[in-house]
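Enquirer: Work out the full structure, taking the sequences as your base and the hints as a guide.
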Amino acid sequence: MELVYFYILSFIVVVSAVFVVFLRRPLHNVLFMILTMIGVACLMLQLEAEFIAMVQLIVYAGAVMVLFLFVVMLVNITQADLLSQLSAVRGWAGALVAFAIFGVILTVFKVGGQTAAPQAQAAQHLTNTELVARELFTTYLLPFEVASVLLLAAIIGAVILVRKGR
Amino acid sequence: MAQVPMEHGLYVAGLLFCLGLVGVLVRRDLLFVLMSIEIMLNAAGMAFVVAGAGWQQPDGQIMFIFILTMAAAEVAVGLALIVQFHHHFKTLDADAARRMRG
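Note that the protein sequences, when read in sequence, are chains A and F.
Final position of the first sequence in numbering that gives the first Met the number 0 is 165; the numbers increase by one with none missing.
Final position of the second sequence in numbering that gives the first Met the number 0 is 101; the numbers increase by one with none missing.
Read the hints as simulated data drawn from the structure, not as lab findings.
Be careful, since some hints might not be right.
[Stated by the list, open to error] To spell it out: a stretch of chain F is covered by chain A in this simulated footprint if at least three of its residues, at any positions, have a beta carbon under 8 Å from a beta carbon of chain A; those stretches are:
| hint | region |
| --- | --- |
| 1 | 5–14 |
| 2 | 38–45 |
| 3 | 48–58 |
| 4 | 61–69 |
| 5 | 72–79 |
| 6 | 92–98 |
Keep in mind that this is a model prediction, so the values were computed, not measured.
Virtual Cβ for every residue (Gly too), placed ideally from N, Cα, C.
Expert: The structure is reproduced here in structure tokens:
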């Protein structure tokens, strides 16, 4: 039963990702992208990563997509801009390269997926989110701080980029 | 990950990644390229979560949090660049910026 849910969700995610890549109108792309993100969040819920699923919903399906919608409204792309979008040569070349890389990824995952699990020494009485938080604030404390610096740099960069009257 | 084999989750993530890659390679419009990059990043994060769930380790989810942070920073700067690009070139076609100044 769980497997059936998994395949249905995967199908939805992949099909909506295809729509994101190939549709012409930006608004439709953004809406299908929201569907993709929600589908990935559901997949993560199924993997018992509840906290990650919620963060995915809030940050990706919420914040990032709202940003995209803002920009779609702001730049106001007309249909004429989008007409000569997909040239055949470019399309075939891109598909070929992506297909080759997909083959590489499949091989790697096939080998890597059969690797034995490292010893799970996780304490059993902790829930999943507690476990993640404990790891994040002990083992990964320095990367966590670096990530906050990265966000600060992104804020400053975005403000400087859109500042008027340079 | 009780019954779903880990490889299948990884395959879905790989497929998603390659779809994003097709978008980056094929589309010329910068907005769509940025969207495809978001899909690629999300697929990479999903692969981390799947592997973490399959191996019963929390590290995968932590890596996803870092990827998410990076994606948020990237999309903020990228969208600011797109707005400036549209302001300057009046189009979003990436080929419009083929000339360097100086």
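Enquirer: Each of the hints needs a verdict: does it hold here or not?
Expert: A quick look at each hint next to the structure:
1. Restraint check on the region 5–14 of chain F versus chain A: 9 residues with Cβ-Cβ distances below 8 Å, three needed, restraint holds.
2. Figure legend: the region 38–45 of chain F, annotated as covered by chain A; annotation consistent (3 residues with Cβ-Cβ distances under 8 Å, at least 3 required).
3. Requiring three or more residues with a Cβ within less than 8 Å of a Cβ of chain A, the coverage given for the region 48–58 of chain F holds, as 11 such residues are present.
4. Only when three residues or more bring their CB closer than 8 Å to a CB of chain A does the claim for the region 61–69 of chain F stand; here the count is 7, and the claim holds.
5. Counting residues of the region 72–79 of chain F whose beta carbon lies closer than 8 Å to any beta carbon of chain A gives 7, which meets the minimum of three for the stated coverage.
6. Given as covered by chain A, the region 92–98 of chain F fails the check, having 1 residues with a CB less than 8 Å from a CB of that chain where 3 are the minimum.
Hint 6 alone, counting from the list given before, is not met by this structure.
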